[in-house]
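S.K.: Residues per chain are reported as follows:
Number of protein chains: 2
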Amino acid sequence: MTELLSGILNFDKRSISRSISLIENDLHKGLSLLEKIYPYTGKAYTIGITGPPGAGKSTITNSLATLLAKNKYKIGIIAVDPTSPFTGGALLGDRIRMTELSSLENIYIRSMATRGSLGGLSKSVYEASLIIDAAGADFIIVETVGVGQSELDIAETADTTVVVLVPESGDSVQAMKAGLMEIADIFILNKSDREGADAFVTTLKNIISLKPKSEHNWDTPIIKTIATKDIGIDKLTDEIFHHSKYLQESGILEKKRKTHIKRKVCELVAEKLRVYFWDEDKLRYLDSKLEDLLLRKDNPYHLVETLLEIFRNKTHIP
Amino acid sequence: MTELLSGILNFDKRSISRSISLIENDLHKGLSLLEKIYPYTGKAYTIGITGPPGAGKSTITNSLATLLAKNKYKIGIIAVDPTSPFTGGALLGDRIRMTELSSLENIYIRSMATRGSLGGLSKSVYEASLIIDAAGADFIIVETVGVGQSELDIAETADTTVVVLVPESGDSVQAMKAGLMEIADIFILNKSDREGADAFVTTLKNIISLKPKSEHNWDTPIIKTIATKDIGIDKLTDEIFHHSKYLQESGILEKKRKTHIKRKVCELVAEKLRVYFWDEDKLRYLDSKLEDLLLRKDNPYHLVETLLEIFRNKTHIP
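Chains as they are written, first to last, in our numbering: chain A, 1 to 318; chain B, 1 to 318.
Rather than coming from a laboratory, the hints here were simulated on the basis of the structure. Note that this is a predicted model, so its numbers are computed, not measured. Don't be surprised by glycine CBs; every beta carbon is placed ideally from N, CA and C. Worth double-checking, as some hints may not be accurate.
Cβ pair distances, simulated, as ranges [stated by the list, open to error]:
1) A:Arg274 - B:Lys43: 31 to 37 Å
2) A:Leu294 - B:Lys72: 24 to 30 Å
3) B:Asp193 - A:Gly42: 55 to 61 Å
4) B:Thr99 - A:Leu104: 52 to 58 Å
5) B:Ala113 - A:Lys272: 27 to 33 Å
6) A:Leu210 - B:Lys229: 37 to 43 Å
7) B:His28 - A:Leu210: 34 to 40 Å
Result set (DSSO-like, lysine-lysine): computed pairs, CA atoms no more than 27 Å apart in a straight line [what the hints assert, rightly or not]:
8) B:Lys43 - B:Lys255
9) B:Lys245 - A:Lys297
10) A:Lys256 - B:Lys297
Work out the full structure, taking the sequences as your base and the hints as a guide.
M.R.: This is the structure in structure tokens:
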């Protein structure tokens, strides 16, 4: 454990990987490690990169990481690949390029799956960020396909959320309005040499202009990029620094991080309560009542009350 | 309440709508209604229709419902519209057509949003199905955009899950393999007059052939449809009846429904425990410790243990 800890603190990639695997496989076993590394965390700045499949998120992530690494920053990348049927995940080519990137000394890359663990995305991603943070990363880039719940999770986790779109995304922009406004700190229009790019920027600007100014004073920028040619990535870096400065000076960063950690504590409590509640007796009782539920001799709402009654009474008996 | 109940039992659409709204707004207030209607439920057969945006799910749902309604069946449709940024939701035209459909006496349509309520999709959808079930619907069609978690939820909720694809979906089919196999009881290739349809069917067949035969004996059919012209919908209806018969005779339907209701009870317990745990004292304590967490004077894992300790001790004092 001490070896793992000192490895992490020295940005040793094998130690980081082993620690993340430890936690992914069994959070409970990794708890003492997490408690040990926690004091070393809090220095990394987290950038969330999200958007629809095929928008070029991986390419953007790679270019951004390369540019930051050239400027002597240490970078951690967490690429969240959903194994879900319709999201597709990153193309093989992107992942190969990522592997090349990971040969750079100050870039650490980790690919994580969403599916399988209950509500697993945000949980493992958070713990993985803590480890990479403790390792001394200046920036942690979390890349995730923006579908369903995951882009909301990422927006709550990241300090700066970058939403990557392409001119073809224009069709559905009307339907996106509310959601986009809520999560995007920076918009990227990637593949901006394609037809319809300018019209799309106009549409986006109109949507941004609808944002109530009262809340805060950040003007969501729209950056045109052609990630495959590295065009626009310097502008993106500038805007991330700009946003980071804005968050810090306005006090919003602290508020954001407090909200995030509060949510994490509530999640951890819920998981503990689940394990605490569902002892063998209650699980057996539930199983014995399923037949009654199907036959409509009992109803789930009444059964839940009964289970809670058992729980309350038991906890009164030392 | 009695009025609402008798309205529901008479398939009175206003009563159904009012009851669903009641539960959506405040599950707690709707509990006694749910307990009252539960004995009348269990007769409806649930069909989940899912697939990527733009595949034509709404059109399929409309045609299927119309065909079933012509055959004197009572139908409930729950259209789950994500307000999430990238999923888009159904096009306006589809919803207008749905409104026309709802003028039919034996079709009830309800649109529900995914976002906003924590894990709200499956919860409200389940309660809405119960109400529609009690109202006497023979079939409940739950239509949801298949992205992220929602299509997994739907596969666990529905008796028969129909996955709608289009020839253009072919590109990502390799990435989808595992997930698709897991959830699809019936595949639809919609817009099957488009280029690439036959090649896509071949690809799908190959994927289906990889399915381990040991598990069960259902051969996942692939149905070619052109939903806008009502082509293939009769075949779909046949296959749904076919699958329903298979599930009943094999005993899988009962197992599926038991698993589903067990999961619902666990969800309800988790929600109750959350409310039970987070009393004012503990919430205040958590808030008072957030600063320490940010300053790394305490860590979230230790804080969780402290909170649980408070919880355990309190429950010992009557």
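S.K.: Given the hint that Lys256 (chain A) pairs with Lys297 (chain B), test it: the Cα-Cα distance must not exceed 27 Å.
M.R.: Holds. Lys256 (chain A) to Lys297 (chain B) sits at ~19 Å (cutoff 27 Å).
S.K.: State, for the Cβ atoms of Leu294 (chain A) and Lys72 (chain B), whether the hinted interval 24 to 30 Å holds or is violated.
M.R.: Given a distance of about 27 Å, which is inside 24 to 30 Å, the answer is holds.
S.K.: Is 37 to 43 Å respected by the C-beta to C-beta distance linking Leu210 (chain A) and Lys229 (chain B)?
M.R.: holds (39 Å)
S.K.: Does the Cβ distance between Thr99 (chain B) and Leu104 (chain A) fall inside 52 to 58 Å?
M.R.: Distance hint for Thr99 (chain B), Leu104 (chain A) holds at roughly 56 Å.
S.K.: Can you let me know if the beta-carbon spacing of Asp193 (chain B) and Gly42 (chain A) is within 55 to 61 Å?
M.R.: Since the Cβ atoms of Asp193 (chain B) and Gly42 (chain A) sit about 58 Å apart, the hinted range of 55 to 61 Å holds.
S.K.: Check whether the Cα positions of Lys43 (chain B) and Lys255 (chain B) lie no farther apart than 27 Å.
M.R.: holds (16 Å)
S.K.: Quick check: does the Cβ-Cβ distance between His28 (chain B) and Leu210 (chain A) fall within 34 to 40 Å?
M.R.: Once the Cβ atoms are compared, 35 Å apart, the range 34 to 40 Å for Leu210 (chain A) and His28 (chain B) holds.
S.K.: Is the Cα-Cα distance between Lys245 (chain B) and Lys297 (chain A) 27 Å or less?
M.R.: It holds: about 25 Å lies between the C-alpha atoms, which stays within 27 Å.
S.K.: Holds or violated: 31 to 37 Å for the Cβ distance of Arg274 (chain A) and Lys43 (chain B)?
M.R.: Given about 32 Å between the Cβ atoms, the range holds.
S.K.: Do the Cβ positions of Ala113 (chain B) and Lys272 (chain A) conform to the proposed distance bound of 27 to 33 Å?
M.R.: Because 31 Å falls inside the window, the suggested range holds.
Hint violations for this structure: none, all hints satisfied.
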